[in-house]
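**Student:** Taking the hints into account, I'd like the entire structure generated from these sequences.
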Amino acid sequence: KQEVTQIPAALSVPEGENLVLNCSFTDSAIYNLQWFRQDPGKGLTSLLLIQSSQREQTSGRLNASLDKSSGRSTLYIAASQPGDSATYLCAVCETSYDKVIFGPGTSLSVIP
Amino acid sequence: DVKVTQSSRYLVKRTGEKVFLECVQDMDHENMFWYRQDPGLGLRLIYFSYDVKMKEKGDIPEGYSVSREKKERFSLILESASTNQTSMYLCASMAGSYNSPLHFGNGTRLTVT
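Note that the protein sequences, when read in sequence, are chains A and B. For the first sequence, position 62 (counting from the first letter as 1) is numbered 62 according to this note's numbering, and the numbering increases by one without interruption. Plus 1000 on top of the position in the second sequence (first one is 1) and you've got this note's numbering.
Treat the hints with care, since some could be wrong.
[Claimed, not checked] Each computed DSSO-like pair below joins lysine-lysine, with the alpha-carbon atoms no more than 30 Å apart: (1) B:K1055 with B:K1071; (2) A:K68 with B:K1057; (3) A:K99 with A:K1; (4) B:K1070 with B:K1018; (5) A:K99 with B:K1057; (6) B:K1057 with B:K1013; (7) B:K1013 with A:K68; (8) A:K68 with B:K1018; (9) A:K42 with B:K1057; (10) B:K1003 with B:K1057; (11) A:K1 with A:K42; (12) B:K1071 with B:K1057; (13) B:K1053 with A:K42; (14) B:K1013 with B:K1071; (15) B:K1018 with B:K1003; (16) B:K1003 with A:K42; (17) B:K1053 with A:K99; (18) B:K1055 with A:K1; (19) B:K1013 with B:K1070; (20) A:K99 with B:K1003; (21) B:K1013 with A:K1; (22) B:K1013 with B:K1003; (23) B:K1018 with A:K42; (24) B:K1071 with A:K99; (25) B:K1070 with A:K99; (26) A:K1 with B:K1057; (27) B:K1071 with A:K42; (28) A:K42 with B:K1055.
Because the hints were derived from the structure by calculation, they are not lab data.
**Tutor:** Here it is as C-alpha cells:
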C-alpha cells in the first residue's frame, strides 16, 4: 500500500531564507507527484505537478524535484516571504489503483 | 481557471440525519473525488468517480455513498450522520489525463451534534 510521508511536520524560518520541504513515498509506480498549498480553513491549491518521467518543475520562486527510484521529492522555496506561510502537502497519483494519495503536510511559518 | 464549487462552507446537522454535500466543477473534468481531512490523519479518500454514473470506493467509504448523475456534479451522501463524521470535506476534480493537476473546492466544514 502506498504511503506518503513529509518531513518536517512544521518549520519556522525568518523572512528571506531559502528552504526545502521533503516528501517520501513507498511505491514508485506513480503517474506524477503534485505539491499543494493549503491556507487555514481553505481548500488546496495546486502549485506544481511533476510527471513520472520528469526530474523537476519550476514556478517562480518554487522548484520541485522528483527522484522516482528513491521515492523522494523536494520543494525548494527561494527567498521566503510571510505570505508563503501555509501548509504544504505532496501527493502521488499511483498507477495501480488510479488514486491520489496525500502526505500529512508541512506547516510553514515565515516570520517577518 | 478551473472552478470547483462546494455548496456549503459550514454545515451543522444532527445525529441520524441524512446529509447531502454537493460539488460542481465547470471544466468538463472526467474525474471527481471526495476527501475528508482531519487533524493528525490528513486527507483520506472516501469515494471517487471517473465518469457519469461510475463510482469507486476510496479508503474510508463506510457510512457514505455518492451520486454522479451529471458530469459536472458529484454528491456525497451521509446516510445517517454520526458524530465521528464531523470533519472538513473536500471535493476535487481532475481531467482525464493522469498528468493533470487536481483542483479543489474550498471545503465544507460539517459538524454533527
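**Student:** For a quick check of understanding: which of the numbered hints are violated here, in increasing order?
**Tutor:** 7, 8 and 21
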